[in-house]
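Note that the working numbering has the sequence shown beginning at 1314, numbered continuously upward.
Hint data in this document are derived by calculation from the structure and do not stem from the laboratory.
Please note that the accuracy of each hint is not assured.
[Unchecked claim] As a list, the in silico DSS-like pairs of lysine-lysine whose alpha-carbon atoms are at most 30 Å apart: (1) K1617 x K1551; (2) K1374 x K1617; (3) K1377 x K1616; (4) K1377 x K1667; (5) K1733 x K1380; (6) K1320 x K1374; (7) K1377 x K1320; (8) K1378 x K1735; (9) K1377 x K1733; (10) K1668 x K1505; (11) K1505 x K1320; (12) K1617 x K1380; (13) K1668 x K1320; (14) K1551 x K1616; (15) K1668 x K1617.
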Amino acid sequence: MGEKPKKNSSIVTIFSLWNTMMGVSLISMPWALHQTGLFVGLFIFIAMGVLCWYTTYLIVKSPKKLKHLDANNVEFTEVCREYLGRPGEVTAILFSIFVLSGAVLAYYVLMSNFLFFTGNLIYGLAHPSSKTSGLENEARCDFLSQMEDESSGNYTFEPKILFGLKWNELWQLRLSVPILLSIVTFTLLNFKSPTFFTKFNVLGTISIAYLVLFNGARLIKCGVHVSLTDTNSEVYTKAANWRFPTLTGTLTMSYFIQNCILTILRNQANPENNTRDLSIGYVLVGFSYTFVAISFYIAYPFKKDYVQDNLLNNFSASYPWSAVSRVLILFQLFTILPLIVFFIRTQLSTFIFKKNYPGLPYVIGLSLIVVICGGLTAIFFPSIGNIVRYVGAISGVVYSYALPCLVYMQEQRRQNTLTKPKIAIHSLIILFGVANFIAQFFM
1314 MGEKPKKNSS
1324 IVTIFSLWNT
1334 MMGVSLISMP
1344 WALHQTGLFV
1354 GLFIFIAMGV
1364 LCWYTTYLIV
1374 KSPKKLKHLD
1384 ANNVEFTEVC
1394 REYLGRPGEV
1404 TAILFSIFVL
1414 SGAVLAYYVL
1424 MSNFLFFTGN
1434 LIYGLAHPSS
1444 KTSGLENEAR
1454 CDFLSQMEDE
1464 SSGNYTFEPK
1474 ILFGLKWNEL
1484 WQLRLSVPIL
1494 LSIVTFTLLN
1504 FKSPTFFTKF
1514 NVLGTISIAY
1524 LVLFNGARLI
1534 KCGVHVSLTD
1544 TNSEVYTKAA
1554 NWRFPTLTGT
1564 LTMSYFIQNC
1574 ILTILRNQAN
1584 PENNTRDLSI
1594 GYVLVGFSYT
1604 FVAISFYIAY
1614 PFKKDYVQDN
1624 LLNNFSASYP
1634 WSAVSRVLIL
1644 FQLFTILPLI
1654 VFFIRTQLST
1664 FIFKKNYPGL
1674 PYVIGLSLIV
1684 VICGGLTAIF
1694 FPSIGNIVRY
1704 VGAISGVVYS
1714 YALPCLVYMQ
1724 EQRRQNTLTK
1734 PKIAIHSLII
1744 LFGVANFIAQ
1754 FFM
């Protein structure tokens, strides 16, 4: 007899939920908070966490009534097929792939950024006599008033390195770095199995924990720089802002785990604890997002409009503590990217070819599409905050809100327990998803 798969304790399950949901959007949280206003933003962090927890909870409970399916070995796409037919299954698959694709584009933008600043740091350390140039960038408590000059890296290097070009002419954030990154990552995307990269998953926890501690240390060192009443103050902060859909779109992506929650809970040793563990996982994630957003935002000593959609851009490339964070996250993303592309490849292959691995030519072709799209995004649309909120809103309207609610209402209808209040509540959730999607185009 085969060996039974190892089951996970509740602690491991909660840890997996926290580690899976905590993504690249963490570093965009202070920027998204600024678009929303301090008090309204705090409310939205909590409200969106509760809403996304609820729709995820609906997915966790969705297989229970399907007696002919193994509730412990089923995907939500199969549940959608049972309740919503083939169109529901196809919709779930396509939007799951869309979310993963959006994550890949966000990864390329971040990896290009971190690689660029890390390269500048290394070259600057190797050439300490080089003179800085470009922006006269004021610094307070290690924060910068604006992002360092991305085209030149803020360095004037006299020696010519290659083809008569200087370092700052070779190492460009919106040209050479994304191209180099695309070439390097292409070699990592063609593995038949990504098992090797799963060994580095602990890096995700380390980098996230470091970022939380880093922001906490900034707050302790720099203090609070916020004024809610003096409109003439440099650190004046609005309590509310009409651009709040920026945060709802971002958080829809940030709290997204609906497409893999059943897979994560499959190896739970005590399935009766699923609801509790899911709740604890969401609380931890919500705390992490809220803490990073608020601690950075209130500690930032300049005009809040200067807060970047990548919070690390508010620090110099040579600032050691932010440099450590860049290197940690960069290496983490190098190990996660092949896993995400593997999931995209598997879902597409299963959907189109009815098998997990369709052959090397298909794999190479998909990898080429990924690196080209990723590189072009990093060159022409390197806005991590906007990528996250658009992808979150578009995918969320279907996968985070519509599908869980439609499946639930269909299940209740079959059980003859569907009431008007249930219809009203779950229809409002779907309408919220639609409104959230539409609002992104007016921000």
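A quick look at each hint next to the structure:
1. Between K1617 and K1551 the CA atoms are separated by roughly 10 Å; this keeps the pair inside 30 Å, and the hint holds.
2. Note on K1374 and K1617: the hinted pairing is violated, with a Cα-Cα distance of about 43 Å set against a maximum of 30 Å.
3. For a cut-off of 30 Å, the pair hint linking K1377 to K1616 is broken: about 52 Å separates their Cα positions.
4. Under the criterion of a C-alpha separation no larger than 30 Å, the hint pairing K1377 with K1667 is consistent with the structure, at around 26 Å.
5. Between K1733 and K1380 the alpha-carbon distance is near 26 Å, which keeps this suggested pair within the 30 Å criterion.
6. Taking the CA atoms of K1320 and K1374, the gap is near 20 Å; set against the 30 Å cutoff, the hint holds.
7. Our distance criterion of 30 Å between C-alpha atoms is met by K1377 and K1320, whose separation comes to about 20 Å.
8. A hinted pair counts as satisfied when its Cα atoms are at most 30 Å apart, and K1378 with K1735 qualifies at roughly 18 Å.
9. As the CA atoms of K1377 and K1733 are separated by approximately 23 Å, the hinted pair is consistent with the 30 Å bound.
10. Straight-line distance between C-alpha atoms of K1668 and K1505 comes to about 13 Å, which keeps the hinted pair within the 30 Å bound.
11. With a CA separation close to 26 Å, the supplied pair K1505 and K1320 stays within the 30 Å bound.
12. Between the alpha carbons of K1617 and K1380 the distance comes to roughly 55 Å, so the proposed pair goes past 30 Å and is violated.
13. Pair hint K1668 plus K1320 holds up; C-alpha atoms about 27 Å apart against a cutoff of 30 Å.
14. Taken as a hint, the K1551 and K1616 pair is honoured in the structure, with Cα atoms around 12 Å apart against an allowance of 30 Å.
15. Annotation: proposed proximity of K1668 to K1617 is violated, straight-line Cα distance about 51 Å (limit 30 Å).
Of the numbered hints stated above, those contradicted by the structure are hints 2, 3, 12 and 15, listed in ascending order.
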